[in-house]
Amino acid sequence: MPGMHLADGVLTEPAVVLALDAVGLGAVALALRRGFDRSARGLAWTGTLAAFVLAVQALNVPLVPGASAHAIGTALLVLCLGPARAVVALTAVLLVQALLLGDGGLTVLGLNVLDMAVLPALVTWGLARALGASRDRLAWAGFLGAWLGTTLGAAGLATALVLGAGAPARLTFAWLVGAQSLAGLAEGVLTALAVRELVRRAPRLVGLGAARRDAPEALDAQSAAPGAVTHRGLGWLAAVLVVTVLLVPLASTSPDALEIVLHHLRAR
Amino acid sequence: MIVSARRAGPAGKLLAGAVLVVGLATAPASPRALTANALVSMAVVIATRPKLGVLARRGLPALGVILALLLPSLLAGERARALLVGGRALTATLAALAVASTLAAHEVPGALGALGVPGALASVTATMLRQLGAVRDEGRRLALARELRGARGAGFGAGTVAALLVRTAERAERVELAARLRGSTPRGEAGRARLRAADALLVLAGAAGGALAHLA
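Protein sequences, first through last, are from chains A and B.
Last residue of the first sequence: 267 (numbering that gives the first Met the number 0), numbering continuous.
Last residue of the second sequence: 215 (numbering that gives the first Met the number 0), numbering continuous.
Simulated from the structure, these hints should not be mistaken for laboratory data.
For every residue, glycine included, the Cβ atom is placed at its ideal position computed from N, Cα and C.
There may be inaccurate statements among the hints.
[Said to hold, decoys possible] If you want the footprint, here are the derived chain B segments under chain A, 3+ residues with CB under 8 Å: (1) 57 to 67; (2) 92 to 100; (3) 119 to 129; (4) 132 to 143; (5) 166 to 178.
Isolated chain A (complex conformation) (with noise of 0.2 Å):
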């Protein structure tokens, strides 16, 4: 289960595909309408985290036997960028796995962008606000905003196949939202310890802040002073530890999907 696209064919009702269609892609249109930076530098920027967030994607983590996840992003792409450029540069990669890689289906692209993109962005930029900017706050916006975030969107497609596909609720939604709240778990938990590192190395790169600014600048110059991590902080850090050393060393060596890409990108 490589994160939770949901693929051409699979959905039965094209009412249900045609609404969700709608109000992901009518989300997309809103963002780039309302606070996406179109000056060439913004582009730039957003493009350019779209690409990490594309070679992350790439990294899969074994769930269970049979089903593996991948990281999604959302989570650190809102912290990094706000939520508009958030969404429109995760449009952007699943719009680029739908056409070149057969990751995601042409036909339901909103709804992937609903679950993957729209939903879990809200739930992170609203959690960012709500908990404030200081380091800890921002890295548990991250932890919760991943989780939640994973966890809403996979709810959203377990929602979706039972509407459009007439899946039986009770079974969708206990193999959809347990594996993906797992996947989600591990997640938060790279994102929370990805945003503290970003903080301590480059904080210019993310916070609240950080949606009103086009591109970082002078990044070596940036870099906070180390040591400020509280105890309360060492103790939050080793119990992620223990999640992520558990999960994180199973990620894939071969990126599958980044090397088919590329390999497009040398073609012709």
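Assemble the complex: chain A is given as a structure, and chain B must be docked to it using the hints.
The following block gives chain B in isolation, referenced to the frame of chain A:
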């Protein structure tokens, strides 16, 4: 059709592929329609001649995803219907992958722009594809450095992810500055392709393929 598929522009290929996939993905979930879907997909694979290794590498994970999505229906005893839906999804995915094999990634943003996708989204896609190689190279450097420091296992920790993001930002800044100095912009790259009259034949072929499954 083979000649047409190779000569058509990227926007034409993309539109024809989309029309075909919509047709295959919305075909009735019946044995006759599934047979028609399979025949059309096979014809598309023959016409586009993708590398079979690449097709298998992407097709098998897609099959896994489809089975995972249909698992609750299979467990609930709706096997016949689930298999028909799964077969339809797989044939649509195979056709999409075969069409994708005729497209180079750098053609995609221009084709999207020509088909009316908002310019900002096409520009972000163009930059994303251009920077992907840089991200991959930085990732490889980090992995090599990690190995040289004696780290074991294939894992990518949070520190590596953060370091990759910072390095990507630094390198992207240099690459974008160099591109702008040469007069290249993301908007320019995304706005070059056009839908041509010659693409109409391929789009019609895609529509005919999609319609076949519905008529079966």
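(message) Is the coverage entry for the segment 166 to 178 of chain B by chain A consistent with the three-residue Cβ rule at 8 Å?
(response) It holds: at least three residues are needed, and the segment 166 to 178 of chain B offers 6 whose Cβ sits within less than 8 Å of chain A.
(message) Tell me whether the statement that chain A covers the segment 57 to 67 of chain B is true, taking a Cβ distance below 8 Å and needing three residues at minimum.
(response) Holds, because 8 residues of the segment 57 to 67 of chain B bring their Cβ atoms closer than 8 Å to Cβ atoms of chain A.
(message) Taking beta carbons only, do three or more residues of the segment 132 to 143 of chain B come closer than 8 Å to chain A?
(response) holds (count 5)
(request) Check, residue by residue, whether the segment 92 to 100 of chain B contains three or more positions whose beta-carbon lies closer than 8 Å to a beta-carbon of chain A, and give the verdict. (result) holds (count 5)
(request) Go check the segment 119 to 129 of chain B versus chain A for me, would you? Three or more residues, Cβ under 8 Å, otherwise it fails. (result) Answer holds; 10 residues pass the 8 Å Cβ test.
Figure legend: structure checked against the earlier numbered hints; every hint is met.
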